[in-house]
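J.: One-letter residues, chain by chain:
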Amino acid sequence: MEDDAPVIYGLEFQARALTAQTAETDTIRFLVGTQSLKFDNQIHIIDFDDENNIINKNVLLHQAGEIWHIGASPADKAVLTTCYNKTSDSRVVSCAAVWRMPTDWETGSHESPDDSAHNPQALELLCQLEDSTHGNTACVLWEPMGDGKRVISLADNHALLWDLQESSTQAKVSSTASLEGKGQLKFTSGKWSPHHNCSQLATANDTAIRGWDLRTMSQIYCIENAHGLLVRDLDFNPNRQYYLASCGDDCKVKFWDIRSVQEPVKTLEEHSHWVWSVRYNHSHDQLVLTASSDSRLILSNMVSISSEPFGHLMDDDELSEGEESHQDNKSKEPLKDSVVSTYEEHEDSVYAAEWSSADPWLFASLSYDGRLVINRVPRVLKYRILL
Amino acid sequence: MDGETDGLVVGSEDSGPDRRRRVHGMLKLYYGLNEEGQVLDQQESLDPCYINGPHFDPELYLNKLRRECSLAELMDQETCMVKQIRSLDSDMQTLVYENYNKFISATDTIRKMKNDFKKMEDEMDRLSANMATITDFSARISGTLQDQHTQITKLSGVHTLLRKLQFLFELPARLNKCLELQAYAQAVNSHRRARCVLQQYSHLPSFKGIQDDCHAIMDKLAQELRQKFRDGGSSAKDLSECVELLLQLDEPAEELCDKFLSHARSRLESDLQGLEAEIRPYPSAPMKDASATRSSSTAAAGSPTENAPKMSTLLSPTSNTDILEFIDRGCNEFVSSLCLVITSYQELFITHAQTGELATKNIPQMANGKLHAFVDDLAARYFSLVDRRIQEEKGVSDNSLLVRALDRFHRRLQAVAKLLPGSDVPNKGTEIVMRAATERVKQYLSALQSFYMDSLTDVRQALATPRLSMTGVSVAGGGALLGGAVCGRDAPNSLPELLSSLSASILNQIKSVLASVHLFTAKDITFSNKPYFKGEFCSRGVRESLVVSFIKFVCQSSRQFCESAGDKGGSTPPALLLLLSRLCLDYETSTISYILTLTDEQFLVQHHSPVTPVTTLCAEAREAAQKLLNHYVKVQGLIISQMLRKSVETRDWVNTIEPRNVRAVMKRVVEDTTSIDVQVGLLYEEGVRKAHSSDSSKRTFSVYSSSRQQARYAASYTPSAPMDTSLLSNIHKLFSERIDIFSSVEFNKVSVMTGIIKISLKTFLECVRLRTFGRYGLQQIQVDCHYLQMYLWRFVSDENLVHFLLDEIVGSSAHRCLDPAPMEQSVIEVICERG
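Chains A and B, in that order, are what the protein sequence lines are. For the first sequence, the residue numbers in UniProt numbering are 1 to 387. For the second sequence, the residue numbers in UniProt numbering are 1 to 835.
Be aware that a few hints might be false.
[Said to hold, decoys possible] Once the Cα atoms are required to be at most 25 Å apart in a straight line, the calculated DSS-like pairs of lysine-lysine come out as:
| hint | chain 1 | residue 1 | chain 2 | residue 2 |
| --- | --- | --- | --- | --- |
| 1 | A | K186 | A | K86 |
| 2 | A | K182 | B | K646 |
| 3 | B | K646 | A | K86 |
| 4 | B | K428 | B | K418 |
| 5 | B | K164 | B | K208 |
| 6 | B | K208 | A | K186 |
| 7 | B | K64 | B | K83 |
| 8 | B | K370 | B | K428 |
| 9 | B | K208 | B | K220 |
[Claimed, not checked] Among the chain B residues that face chain A by a calculated CB cut under 8 Å, a handful are:
| hint | residue |
| --- | --- |
| 10 | Q365 |
| 11 | V654 |
| 12 | E658 |
| 13 | R660 |
| 14 | T772 |
| 15 | R816 |
| 16 | L818 |
Hints listed in this document are in silico derivations from the structure and should not be mistaken for laboratory results. If you're wondering where the values come from, they're calculated on a predicted model, not measured in any experiment. Each residue gets a CB set at the ideal place from its N, CA and C atoms; glycine is no exception.
Throw the hints in and build the complete structure from the sequences for me.
T.: Below you can see the structure in the form of structure tokens.
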């Protein structure tokens, strides 16, 4: 098996929305949402066969509109949310909805792989995350590691916490928070913190990053001017509860300790254009993935601010792949912060990058021209981290 | 004897070889020569024809002659022979006669001597008889005088003893008298003579008494001497006499040394206090007292110098004396009196003691040790004062003063070094000088740095207040197309002037600093030939920590401009970034090597330790220049980007009206780009660009000009499938090459402009992709892009780049369009030209 060669998959539409299927931990599966104003939009379910280096894909129709954001339920692998644009009467409205995949999409595709694209099945709408007072949803966030009953949507300057009821067919706003200030404030993205019992949320608007307490729906911290220009994305370190990564239009990736927000802990300036996405590896938080509109994807190894600053810490969960020879790792010299690798397979702006939820050493990135690239962490680094 | 003589005379009368041979042989016999002569003449003498040989045969010879010679020859031979015989005859006669006379006189002499000796013998006999009688008499006389002689000897012994005793008995009185007359030396001398005797006979009560008296008197004397010594007012000669006497009195030398030194110390310390008084009030003296100070200092100057220490404590603000005065004073007062003390001490305790019997008691060593400790102690205090004073010397205005002061300081210490060869005082002094020099270099560095920062502030101000008259010119030059609408934000024309004046003033400052520092190594300065000043000071001090540090500082501060401005959104004016970038580039190309060569030449640096090479500095400067220029591009690009972004984001593109004009923001973008172009052009060269197509501005481009997109969307609903990796990427590479948006630029105008335009257009593209357009929205974008294309191509190195990005923008907006109905190219052109 050639290990480090990337696997490329081309969509026929432009696309921005990418997510790993969070609830799926056995197969490597990504969901991609397309953007087309003229044709029916699709959700591509992309399975990656690690053994044979083969991609299997299934297409589901998403007729509601072009997809700007996609989120998979952490509890039910068939459930997902999308944020989409609907055009009606020469008006463009951003909406969000919870969907369920048809139960037999998998079997159907296997029987007749060729014509599945021609007769794709449609998604089943569970409920609209719609509120008459708040429009233009920028993104929908599932409660991390939750039971798939709570989501947050960011709409204009409001953060809405929804309770999904009756197997997600009904959604109710349980609480809201709103951003006050002069001018038209608008959330651009957000992230639900997996720490503190999932009671914190971080949002980005313009150049600021704000933290919210979901119990009181009040702001708990604010990083004004976190980036020189617009903040595009955020991610929480999965293992260190106070660490947050952000990226933005100033081409920088910054790492923050939210306990002291005056200065970033660390700044990376590797990209040559806006950075659209930053993602921590779920298991080894020194691995950070960033995607940029300079058409590059960069994998960085941020050892110094990771939870494993001295190399590997014993963690049996991620050793499910059968790597058991990790006993004698104490004498390893610590790795330095560095760019592991720059991936240049994309030709257009890369707007999204995601780690696989099943294989911690595998990630996908999506560029605007509809190219999905699946890469692996270089084997050398993988062994250094593991052994 | 007589017979022989007669025979000779008789023989001489004969003629012919017979007689001659006989005579010859007899003479030989007489003088004992025949043996040797025979040996020598063996060869010739054997020849019977050889006339002088012993075997001469007259017959043979005659026959031979007769046989061989003609008559004439025979006749000649005969005359010759007769002549020879005659001369030989006369010779012999003289000889015989002379010898005969000698014999006669010799016989006479011997005869006479015989008579004389006989007479002498008689007289000698008589003499011995007389001598015998004399001995006899003398023995008798000495026998009779024996008794009297012994008596006289005894008497004379008694006499001397009595004399001595008298001396002893008179001693106390004499000592007293000496004491009265202050003839200490005599007293000590007398006492010393008597001391042993007294000591020996001290068991006798009378002597004991005398001894006690003497002791008492001598104690008194010692007391007085000590008193005199302590008073110290006496001259050096008195003092030395005093010490000498005390030493002779078995006064412990150590104590004397201590006393002497402590006495000297008190005097020196008053000097030191005087010096200290000059320093101490300095920090507390407020500046506003300066005028009062000056007046009082003139008053102080008039007063006698002896009062100076007191005066200075009273008039505390007068301490603003400059360092040269301070050092002068230190040298004149402290160092010179220290030298005096050392000399007199050495004379007293060391040189003197070495000659006398005191040397045995190890006094010189002890005294020397004490002296060293003493000098070290005081010198340390002096040095600390000097150090403090030097540290107060903060102003860098006049280095020559400091150097002269240090020189004097160092020079005067050489005197101490000569007096005290083993002392480390001069070394410490040199250390102080070295410290002062390095300190000074540091001060110069910080002065240079602050000068640089000040100049930058000036430049900043100059940039902030543009000369309006200049802007008009620049508009005419660069923005003719835009009809003078270029705003004069940065007073572009003054940029080169600012740059050159900044560069020149920095260079001048460096030169003047180098000149000042150079004073430290001037030939006439005593410490300049110390190895430190020859080597380390030049290389490590001046070159590394002054010049190199400054250059590094310039680069460093330039880099900081990039960093600090990055987050806060451009607190540094872009023009300053551009200017600094050019400055750093100039440094890289020429200035650094010039400065370093200048330094090396001036200081003749011989680099013992590794020094920073020129190339490293140049690389650093280049890096800084690159960074600044990149940052400039970024800042300018972001300013334009921001305009574009706002313009795209704030508009409702779905429900917009049919385009009639180019949007104002696009005009603004072009204006700004033009003014940036002018600005950059002032400092950077044009750079190379690819050849333009014949009419670049007229180029038409279709909505779906991006070929790969067109291809893909035409076959819109083909099934997506995993494609072959390499094939796919190769196909894409055929159509486009990757554009690095915020990439490094080259040091020329075109590259800079390309960078800025790339950033701006990429932003435009990304913003467009986030929006949805209606038909007229798309058309507006078409118009805008055409307008941009008309003007922007001229600025960039490769116009295809602009075309490509604009194509992408229009293409993307077409894809984001709900009703893509592109506008006619001719209409677009009309609108653009009208605008």
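J.: Run every hint past the structure and note whether it holds.
T.: Here's how the hints hold up against the structure:
1. A/K186 <-> A/K86: holds, 19 Å
2. A/K182 <-> B/K646: Answer holds: A/K182 to B/K646 is near 17 Å, not above 25 Å.
3. B/K646 <-> A/K86: The hint holds at about 23 Å.
4. B/K428 <-> B/K418: holds, 15 Å
5. B/K164 <-> B/K208: holds, 16 Å
6. B/K208 <-> A/K186: Distance of about 122 Å is beyond 25 Å: violated.
7. B/K64 <-> B/K83: Roughly 21 Å separates the two Cα atoms, so the pair holds.
8. B/K370 <-> B/K428: holds, 19 Å
9. B/K208 <-> B/K220: holds, 18 Å
10. Q365: violated, 61 Å
11. V654: Check passed: Cβ of B/V654 comes within 5 Å of chain A, closer than 8 Å.
12. E658: Violated - the Cβ of B/E658 stays beyond 8 Å from chain A, reaching only about 14 Å at its closest.
13. R660: Since the shortest Cβ distance to chain A is 20 Å, the answer is violated.
14. T772: holds, 5 Å
15. R816: Cβ of B/R816 sits 7 Å from chain A, so the hint holds.
16. L818: holds, 6 Å
Figure legend: structure checked against the earlier numbered hints; hints not met, in rising order: 6, 10, 12 and 13.
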